[in-house]
Every structure is written in C-alpha cells, then in structure tokens.
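Please arrange chains Y and E on chain A, whose structure you already have, making use of the hints.
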Amino acid sequence: MTRKVDAKLVIKRMKLAVRLILPVAMLTLSGCWDSTEVNDLAIITAVGIDRTEDQQLELTVKIYLISPSDIEGSNGMTGSGDTGSGQSVIRSVKGTSIADAASRLQQVLTRKVFWGQAEVFMFGADMARHGLDEVMDFLTRQPTIRERANVFISETSAKEVLALNPPIERSVSDALREMVNLQTCSGTSLMKLSQMMSGKSRAAIVPTVDIIEADYETPFPYISGIAIVKNGAMIDQIREEDTLGIMWLRDIIKPRKTITLEPGKHQYISVQLIRGHTSLIPSIEDDRWKITVRSESLVKIIENTTDRDYSIPDHLDQLEAELADHINRNINQAIDLAQQKWKADIYQFADVFHRAYPKIWARQKDRWEELFPKVEVKLETNVIIRRPGMTGKNIFKPGQR
Amino acid sequence: MIEKGKISSYQLGKMMYLAIIPTAILTSPGITFQYARQDLWISPLWAFTGVIVVLVILRLHHWFPGQSFTHIWERVAGRTVGRTIGAIYWIFYLYVNGIIVREYGEFIVGAFLLNTPLIVITGSIVLVCAMAVRGGVEIVGRFADLFLPAFIVLFLLILLPIIPDLNIEQMLPVMGQGIMPSITGSFVLQIWFSELMTISYLLPYVHDHDKTGPSIWLTLIAIILTLLISNLFTLLLLGDLTGSYTFPFLILARYINLQDFFTHLESLFMAIWVLCAFVKICVFYYVTVLGAAQSMGLSDYRPIVWPLGFLLTVFSLWVAPNYQELAHAISMSVVFAMLTMFLVLPVLLWFIAWLKTSGSRRSQRSDDARSLRGSSQ
Amino acid sequence: MITVSHILSRLLRSGQRRSAQAEQSIHHLQVQADLSEELHVNVELLRNIYADCSDIIFHEFVIGGRTRAVLIYIDGLINVEEIDRHVLAPLQRDNLDEHSLSNIRRTIPVTSITTVKTPVDAIEAISNGRPVLLVEKEPQGLSFGLSEWEKRAIEEPTSESVLKGPREGFIESIRTNTALLRRKVRSPNLKIRMIRKGNYTRTSIAIAYIDGIASPALVEEVMRRLQPIEIDGILESTYIEELIEDNPFSLFPQMLATERPDVAAAYLLEGCVVLLVDGSPSVRIAPITMYSLLQSPEDYYERYFIGSAIRWLRYLFFAISLLGPSLYVAILTFHQEMIPTPLLLTMARSREQIPFPALIEALLMETMFEALREAGARLPKQIGSAVSIVGALVIGQAAISAGIVSSPMVMVVAITGIASFMSPRFNIGITVRLLRFPMMFLAGFLGFLGVILGIIIILNHLLTLRSFGVPYLSPLAPMRNRDLKDVLIRVPTRMKAEYPHAPADRNHERQSSDLWSDSGNGDDST
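Protein chains in written order, with this note's numbering: chain A, 1 to 401; chain Y, 1 to 377; chain E, 1 to 526.
Bound-form chain A, shown alone (with noise of 0.2 Å):
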C-alpha cells in the first residue's frame, strides 16, 4: 500500500516540478527584453528643443553625468556626499523633426537614453513662434515622458539655457523646477499645456524663461515673464512685472506675492497676499456676452513709509480701495491685451461659458474668434487687511513722533 501511495506521489512531484520548472524555464531561456541596468541609462533630466536657421529641429538634452573619477573608490558608503555642479553633460542633434531628432540622439550617445526623468522641457523662442503642435505631439505620444514635466520656453536658444550649470541645485532642471514652485509665477505642466493647446479657447500660457549674466558669478537662469501661446505658436511675451493682472485672472495668483503702492511721492506701502482668489461669472444677456470678475484676497502690511497710521480703521478702508483699484487696473489692463492686442482667450473664457451656458455655446462656438474681443468684462474686486502687522503707523519717522 505504501508503495503505491509512492508511486502516485513521485508522479505528483513530477507534474508539481514541470508546474514551476516550465514558467521559469521559458522565461529564462527567452531572455530579459526589457531590463535595463541603471548605469546603462543616459539619465535625461531636461531636453530643449530649437529651431535652427535651415528650418530643422534641434533637440538638446542634458544628461546627469557620473563620471568613474568623481566616485570615491575606496570609501564607497560616503562617496555620494559631492553632488554638486558640474556633473551633467550636453548633446545636441538635428534633425527634421523631432521624432528624427530623437531617434538621432541614441547614435550619439554610448548609453540608453532614458526619458522617463526628463522633468524640464525647454521650447526656444524661434521654435515656439513657428509652433508648438508638432513636438507636443510627440511629447504626448510618448508612454515615458511624464505628464508633470515642466514646460517652458527661453526667450534666447533652449541650448544654452541648458548648457548652464546654476551653482546651487544640482542642474539646471532641478533649478528650474525649484524656482517654479517657489516663486510667485505659476509654472505649467506638459498636460496643462495640452489640455490649453487643444481646450476651447485654444490660448495657453507658458512661463519664459532667461538667463542672467552676472560679473561676479556664473550665469544662472530665472523665469523672466509669461508668453501667450495661440493656436499652437506663441505669439508674445509680457514681463513678470506686468503678470500680475493675467495671474489674478487665471486665478494662479499665489500667496506672498507682494503688491507695492505709492500713494505719496517716495512713500510706498507694501502688502504681502496671505490668499487670493478669483472667480469667473459669465451671464448672457440679448446677446451680450459678459463676465464677471469677482476676486478676493486677504493681504497684511508688510511695510509703510507713509504718513499713515494704519491702525486707525479709517486708514485701512483707505488701502483696501487704493488696492482694489490697483488690482482693477492690472486686470483691465490684462483684458485689453488678451481681446484687443492678443485676441488670445488665454483665461478660458470660453469653457466658463461652456459650462454655465452649454446650448448657447454648442450653437455659437464657431464665432468664439469674433466674440472674444467683445465680451464685457465687470470687476468686482474685494481686499481685506487681515493683519496690519505688529507696529500701526511708521514709529522711525521723524514727523510721526
């Protein structure tokens, strides 16, 4: 009887190791298609994109270099403490598009190239001028590319923004990328770019991009201003101190954007936003298409070299109008270029209506073109000190005494 149940338990074993013995083996002997070591990669971390004068595209990537010299060989477990400047490297290729351009980029380069890092994308001026829909194309097609990268567009050549190593952060990408969620301009992703490329309005903003090239110290980048992206090309730039209006617009603005006012000659007063936020409330009227802009924010005082006393209510309702009324203007200011100079609906007018008044829209949204420049646009802007901060009136100067 024993020998039986062993003869049934040898087959079982038998089955049992063709079971676990088949997958693995048809695995191994078919090989590994996909692996790919991590120091096989050439590590992309941004990639520019240019167009050069014989109307091909130029496709720049920098690449985290690791040098053999620059590894501790002997004290490996500390070795990773240096990763400053300096590590990473420039290649550069043409090509009549960037698909052509991308596929060149491996011949030059003794590594994988790997784009699933790549978190700056960086469009030359000439490039984003003559338009973008080709290589957003690309960008969006591509299964690697992260949907998150930043996008922007340099207003000298991609190339050189990216041959720039910014002695702080450990490359130019993480630069940039650090300056965007810090500062006070809001950057745009590769979807958000997308979805205002191929959204209703067909109007996208995108932050610029400049170097600064000071004596006493290495060249670095900051982000210089907004260009307005239309119908896929980009068809002007404006300062980042003139942004403040298409900011408050986008309702982008971000906390502690600081708004300085001059109500006396040399007397400034400063607030610093604690929140702000806008609202876009279309209506439609016999035809009259208007929006309301209704924005609210809470500042506090930062500084004040006036003559003024603000813990006196009075003085406070004083401000808070002088900054409505600054705001207005920067906001007017904003609508006049994006209707009348642009006509670029770089706000998404057009999905607010879509939204609040879908059968309208479905029947007029042909002559979006014509409508924009004439919608009407209303104000209603709402400031609040919350804080005046810890002293009232300016206790240093002399007359205050």
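Since the hints were made in silico from the structure, they are not lab data.
Please note that a few of the clues may not be correct.
Below, a list of computed lysine-lysine pairs in the DSSO-like style, where the Cα atoms sit at most 30 Å apart [what the hints assert, rightly or not]:
hint: 1; chain 1: Y; residue 1: K6; chain 2: A; residue 2: K15
hint: 2; chain 1: E; residue 1: K485; chain 2: Y; residue 2: K211
hint: 3; chain 1: A; residue 1: K257; chain 2: A; residue 2: K230
hint: 4; chain 1: A; residue 1: K12; chain 2: Y; residue 2: K211
hint: 5; chain 1: E; residue 1: K151; chain 2: E; residue 2: K184
hint: 6; chain 1: A; residue 1: K343; chain 2: A; residue 2: K300
hint: 7; chain 1: A; residue 1: K257; chain 2: A; residue 2: K341
hint: 8; chain 1: A; residue 1: K254; chain 2: A; residue 2: K343
hint: 9; chain 1: A; residue 1: K200; chain 2: A; residue 2: K341
hint: 10; chain 1: Y; residue 1: K4; chain 2: A; residue 2: K15
hint: 11; chain 1: A; residue 1: K378; chain 2: A; residue 2: K257
hint: 12; chain 1: A; residue 1: K265; chain 2: A; residue 2: K300
hint: 13; chain 1: A; residue 1: K378; chain 2: A; residue 2: K365
hint: 14; chain 1: A; residue 1: K343; chain 2: A; residue 2: K378
hint: 15; chain 1: E; residue 1: K191; chain 2: E; residue 2: K164
hint: 16; chain 1: Y; residue 1: K4; chain 2: A; residue 2: K12
hint: 17; chain 1: E; residue 1: K381; chain 2: E; residue 2: K164
hint: 18; chain 1: Y; residue 1: K6; chain 2: E; residue 2: K485
Going by beta-carbon spacing under 7 Å, a handful of chain E positions derived as facing chain A [as the list claims (entries may be wrong)]:
hint: 19; residue: T341
hint: 20; residue: M347
hint: 21; residue: A348
Heads up, the beta-carbon is just placed ideally off N, CA and C, and yes, glycines get one too.
Frame of chain A, contents of chains Y and E only:
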C-alpha cells in the same frame, strides 16, 4: 456534475466584479467621452443591459435551479438546439477571452514592457490562469476573495493622492446637452454590463441560493459606482483630453505626485490591472472549459484545461493583426456579437421559457415551473 | 505486535548464527509463547536476545534464601537506589511462606507493577526502562515502574523566547511533556492517546486533543494517517509530520511546530490536535492556517492594541522578506521612472562601478547572506559571533569598497534578512527565504509583472493547500468574516466568545456571552 466545488454567493459577486471592472476602467473613459463629453461619469448609471441580464438570468435560475445555461436551453428548446447553442457559447467565450488576453498583452507591452514579445506576456498569464482553473471554481472564487481587498486598496492608493490635482469645474456643465449624450455614451458600456451573463454558468455551483439575488445586485451597483468614480476622476484631471488618451486612467496613476517622492505610480496601476485581468481571464477561461466539457460530454474538465489554454493563447493572436484593428473591432462587430450572445439570446431563452411556463399554467392551472423542472430532472 | 516478533525472530536468527547451543534451546521456544516455568530457560532466551548488549544487567539473587530469581534491566534507564530499597531489600529479607508472584507483588512497595507474560512483554518492558523480575517456577514475571534516566531540566525554549508569559518548554521526555500539557488543561476531557511507531526505535507518539472541542472526524483522520506508518525509526517529530501531512511536496509547513506548552494548550482549546513524539521537545499541531505561522503567543499576552500592531508589523515584514529583493531588482532594472530623480541619480552613482547586473548582484548577496546565517547558526556560540562580525564586515564595508556590490543592495539584503527573522516560526521564515530566489528571477525577467505573476503562482499553491482539510488561507480565502477578527487584528479576549470555525467541531462558546452582552458575535454568514 463535472464541477464538485462550491462557491458562495458573495464569492460569485466578487468574481464578477473583478471580471468586469479592469477592462472597463482601462478603456471605457476614452470611448465614453467621445459621446458623452463631460457627462461621461453619468453614463455608467444607464446600466440597462446589466439590469435586464441579471433579471433574466435570476428568473431563469429560479425556474431551473441548478441548471447551467446550456442545460436550460436543452430543456426549453430541445436537445439539438441546446447542444448547438452550448457549443457556440463556449467557442464564443474562447473568442472573447482571446480578445481579453490580447488587450491585456497589448496594454502591458504598450505601456510598460515595450520590447517584450507579446506572446511571452499573454502566454505567461494564460499559464498562470490555467493553474488556477485546474483548481476549479473554488480556487477562482478564493482568488476573488483575496484580490478584492487588494484591488480596493490599490484603487484608493491611486485615487486619494490625485485629489489635490483635480479640477471640479471640469465636470460642468452637468447634462449641458440634456440627458442624451450620457445615454449614447453608455452604449459601449453595455458590453461590460452584458458580461454579467456569465453568472449563468456559475450559479449552479453556488451553495447559498438565498443570498444570490442580493449579492448579484450589489455587484451591479458596485460596478456602476466604481465606473462612475473612475470616470469622474479621469474627467476631473484630464478634462477635454480624456478622449485623446488610449488609457486615460493610466495617466491618472502617472500623474500622482506626493511630496516629490511617490511619483509615477503607474506600476501600481499595472498591479491592479494584472490582478483583475487574472481574475477576468480565469472566469472566462473557466466558463470556456466548463462549457466545452459539458458540450463534449466529458466527465472531468481538467484534461482539456491545457489544450484550451494553448488555443486561448493562439486565439489571442488571431483576433486581430494589431491593436488598432482590435480597438476598431471592439467598438464595432464585437459590441454586436457580445450583445447578441450575452443579452439577446438570454432574453430570448427567457421569453421561450416564459411562453412555455405560462402555457403549462394555462393547461394545468397549477404550479407551472415545477412541472417543467420535474421534466428536466 | 507483528513487527516486534519480526524483529525478535531476526534477532534470534542472528543469535543462532553465533551459538549453536542457543540454537538448540531457542528452536523449542517461540517468543510469542508464554514464559517458561524454568527460570534458566527464560534467562537463556533473554540472554540470547540481548547478546552483545553490554548495558543489560541480569541480576541473579535468591528470594528469602530459597527461590532463585533474576532481575533484568538496562543500566542507566532505571533508578538503582529505588530498586535496591523497594525491590531487592524486601525480597531478600522476606519471610513469606510461599514465593508466588502474587505474594511477591504484595511485598514490594512500588505503585506501578505489571505482569509480564511473554518474552515479548518482557523485552518491551526492559526497553522502556522497567526492570523485569523473573522467579523460579513462575511462568510470569513482574515489571516495575522504576524507570529513570537522565533528562534535561525544563527550561525556556531558546527558539521561541518571549518577554512576557510562561517560560517553560517541552523536553525530550514524552511523559514530562504530557504532564506539562495536563498541567495547563486539567479537564478530563483532555485526551492523550498513545501509540508506538518505528520498527527499531519503538517511539511513543501521543495524540492529544480536547474531547468536545476537537472534531471527532479530525481526530479520526489523524489516527487514520498515523496507523499505516511503517518506518525504521522516528527521531524527531518532523519524521511524523512528513508522513502524515496533506501535501508532502509543499514548501509550506502544514503543521505547527512548537516547544511551548502554552502554545500547544492554546491550540488544544481551539480544537486542534497536538502530536507529541518521544525524544523530541518540539510538538506538532494540526490543523493550522497560514496565519498561525505568523502569530506569536506574545500577541495574546500583550495588550490587544500592541498585539494587533505587532501582528501587522509582522505581516508587513513577511511581505518584505518575500518581495524585498525582487521589488528592488524590478524597480531598478525595469521601472526607473518610479524612483524620484535625486534618488535615482544617487543609485546610478553607487552602481556605476559594479560589474554585475542588479539581478546577479541580488542573487550573490542573498546567497552570501544565507551562507553566513547558516554558518553562524551551526557553529558554537563563541565562534558564531565571530563569523557574524566577520560576515557583517565583509559584506557591509569591504564588498562595497571593493566595488562588488552597491550600498543600496546591501541595505535591501539586510532589511530582508531582518524581515525574515521577524516571523515567529522558523520554518515559515526559511520557506519564504527560499521562495525569494525564484521571485528574484521573475523580477529580473519581467519586472513588476513577473513579481505579480510569481505572487499569483504562490497564492495558487496556497489556495489549493489544505492542512487536515482546513484551507490554508482561511478565514481570508474562503472568506469567513467571523473568524477574521483573530487574523487581521488581535481582538480583546472578552470579544473572543466563540471558537474559530476552522478546526473546532461545534460552535461552542468560549466564555459565557451573558457576561459581556456586547461581545462581538460577528455576522453568521459562514
């Protein structure tokens, strides 16, 4: 009976939930968006097919308890018709499963393992499924028991971190064009709801019949809610882009960014996808094997598990030359084929059975179903 | 019985070869037959059987100066002092008028005296350390329960130490072990059946269960599987385990091994059967589920919040010990986009000089780790610690400096190693350590997909596996909500009002539910 194992009603519900959800989450938002636009999250609510199929199947199994779908056909329409339909069904299940395996493979190859041969991906999942199917319906049911919590946890792990990135205005206007776009958008969804027909093959192995009805209805509601949530989240993140991506929900997982550390969790989505696809392929595979064994009159289905697995792998290659053709076929011919097989034929069967039972009611004026049931045993 | 006579006849045959004279006498005697009335015949027979056994003592003496008698025992297995005082002394100075066995029996002040009727009985008794007294003109003998041999004192089992809770452990003597169990469960419902297995070792096996809790079908099944065992010897309870478990080719243990009486008693109270094997301090418990292997008795001796938290920590690290290196390999070679950029750059840096692919590196380090562990475990303590220091130094610092492995890999291997030691049962830890090698291969070939497929294959095995009819992964799959409360968390004792469904026969209440009207009676969907 060929299968000796028993499952509980809740296991059946979990199996069906996991069998329907994965492919629906993956591809349905893109297709639905093209018709329903920002109302795509409403579309899953129009689950007419699901309601009809569940009503019909539960009714049929009330009349013919313990009988599989094929057997009911035999009782109602005669042996030849029943046998033929049984054979058509298992071959159709093989075909549908081939499509599922192919979709699974195309997704993995298209989004993750770009250089791996398709046959390795599909072959490995069929191999793993074959092991489970050999264990019988009990094992598949237990897998569902295990994977449902895993699915919920992973699903939430994708949904919760993405909440800060959502833009609630993307869903406005709600029903801007009236109710119709959401209904037209739901047409494609019907094929997933019609897959609920599969319970008909599994009901004979359920041991607690009193809980079957509630459990299946609960499953249907859970499916609707899950689709609603996944569609809504996709819409709120992607807005107008929803329709442009092949796998919108995958983008959701890729977009996650928690503290710059938990980024790019698409592999998490792959885990969800493989776990659920495994259950889905297992259920369909099991029904194929069971149907084949029944229609060939075998006493055990285990010997044909491996051959049918091989056939399944081959079918997955045969269904279409490339993914575009497959996607085209899914939105055209497959929809009609599936609706015919999973909706029209069961309704037809129910209609014939109803005619017969009401006929016998007229003649006997007594307990109708019992006589029919009596003759069936 | 058949086996004993079989051995005896074999022994006799070997005796025949040696002595022709013995051959003569033995031919007349059947070992099965009763003892002879002639003392010298009996003694000759036994002397032949025990030929060349230097530890057998045939002590010949005279009772009351008239009747010749022989006391036969194995030196070292009896208490000589007691024999001298309670057997030899009363007999030698006796003043009985008739030296019949019943008279002798009355004279000797020993509680356990049994009558020996055949040579087989005599050998059985002698082998177990019971001295046998044969008397002239008596076709029977007496055996005395005066066995005593050197045994280990009861001490804390080193493999299952706890911070809190009882510190006694089973020892090698089965009688002591049953006594330890009986001291925990004093009810007469604790049944301890005894059988003997092993043709040469004649090892006692005790089957303990609580009547009224354990299902009779389970007890019968255990007995049914034990009955047909034919083996030369049983030296440890693993021998028995391997012969009666459901799937002998599974990597997973289907019976729980413990050296702690409190653990055994706890499982007895849940309706399990405990097998004790003489000569082994480790008893076996069946049926069990996967989760029993991940539970420590201390979960129940700590506050339940702490118990639950530690249990979850253990589940987490159980998963890490199985998946740690394979996930690392999968992420590093397939899913680099998942790693945050700075971390990836650091990793790429640390891997820059490593000549091996990540998979080979992982396999190398894991194998090295296993070797170190094994070397450390088998060596004497003093040298063992030296090995671990040298190993840690070699692996940790030198291997990285030499550019053979990268530092993240060392970290992963170390964490995995610690994780595998976190499972409270050694045998599940080693199972998982073994399984992680195929998992690493799968991860190296298909990335996450391979890992997931590997998990499915393992789960498929676990789902089909049963331990004495109980599904291995229950109550999670198949789901039984009511029993989950002792798996997912460790519920407060007052809420454990019912027996777990799995091994218990009937749904007895463990405690009066009137006492705690809010005791969680789960749902009854089972």
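Right, here's what the structure says about each hint:
1. Between K6(Y) and K15(A) the CA atoms are separated by roughly 25 Å; this keeps the pair inside 30 Å, and the hint holds.
2. For the proposed pair K485(E) and K211(Y), the alpha carbon gap of about 23 Å is at most 30 Å, so the pair holds.
3. With a C-alpha separation of about 27 Å, the suggested pair K257(A) and K230(A) falls inside the 30 Å cut-off, and the hint holds.
4. A distance of roughly 38 Å separates the Cα atoms of K12(A) and K211(Y); the hinted pair therefore is violated under the 30 Å criterion.
5. A hinted pair counts as satisfied when its Cα atoms are at most 30 Å apart, and K151(E) with K184(E) qualifies at roughly 21 Å.
6. Under the criterion of a C-alpha separation no larger than 30 Å, the hint pairing K343(A) with K300(A) is inconsistent with the structure, at around 35 Å.
7. Straight-line distance between C-alpha atoms of K257(A) and K341(A) comes to about 26 Å, which keeps the hinted pair within the 30 Å bound.
8. Between K254(A) and K343(A), the direct Cα distance comes to roughly 26 Å. Compliance with the 30 Å bound is thereby established for this hinted pair.
9. Taking the CA atoms of K200(A) and K341(A), the gap is about 20 Å. The hint holds against a cut of 30 Å.
10. This hinted pair checks out: K4(Y) and K15(A) have alpha carbons roughly 22 Å apart, not beyond 30 Å.
11. Proposed proximity of K378(A) and K257(A) is supported: the alpha carbons are some 24 Å apart, at most 30 Å.
12. A distance of roughly 22 Å separates the Cα atoms of K265(A) and K300(A); the hinted pair therefore holds under the 30 Å criterion.
13. For the suggested pair K378(A) and K365(A), the alpha carbons sit about 22 Å apart, so the restraint of at most 30 Å is met.
14. With a C-alpha separation of about 18 Å, the suggested pairing of K343(A) with K378(A) holds against the 30 Å cut-off.
15. Only pairs whose Cα atoms come within 30 Å are accepted, and K191(E) paired with K164(E) is accepted, the gap being roughly 29 Å.
16. Restraint check for K4(Y) and K12(A): satisfied, since their Cα atoms lie roughly 21 Å apart, inside the 30 Å limit.
17. Our distance criterion of 30 Å between C-alpha atoms is met by K381(E) and K164(E), whose separation comes to about 25 Å.
18. Using a Cα cut-off of 30 Å, the hinted pair K6(Y) and K485(E) holds, with the two alpha carbons roughly 24 Å apart.
19. Hint on T341(E) holds. Least Cβ distance to chain A is approximately 5 Å, under the 7 Å limit.
20. Hint on M347(E) holds. Least Cβ distance to chain A is approximately 6 Å, under the 7 Å limit.
21. Interface hint at A348(E): satisfied, since its Cβ lies 5 Å from the closest Cβ of chain A, which is below the 7 Å cut-off.
In the structure shown, a violation is registered for the earlier hints numbered 4 and 6, in ascending order.
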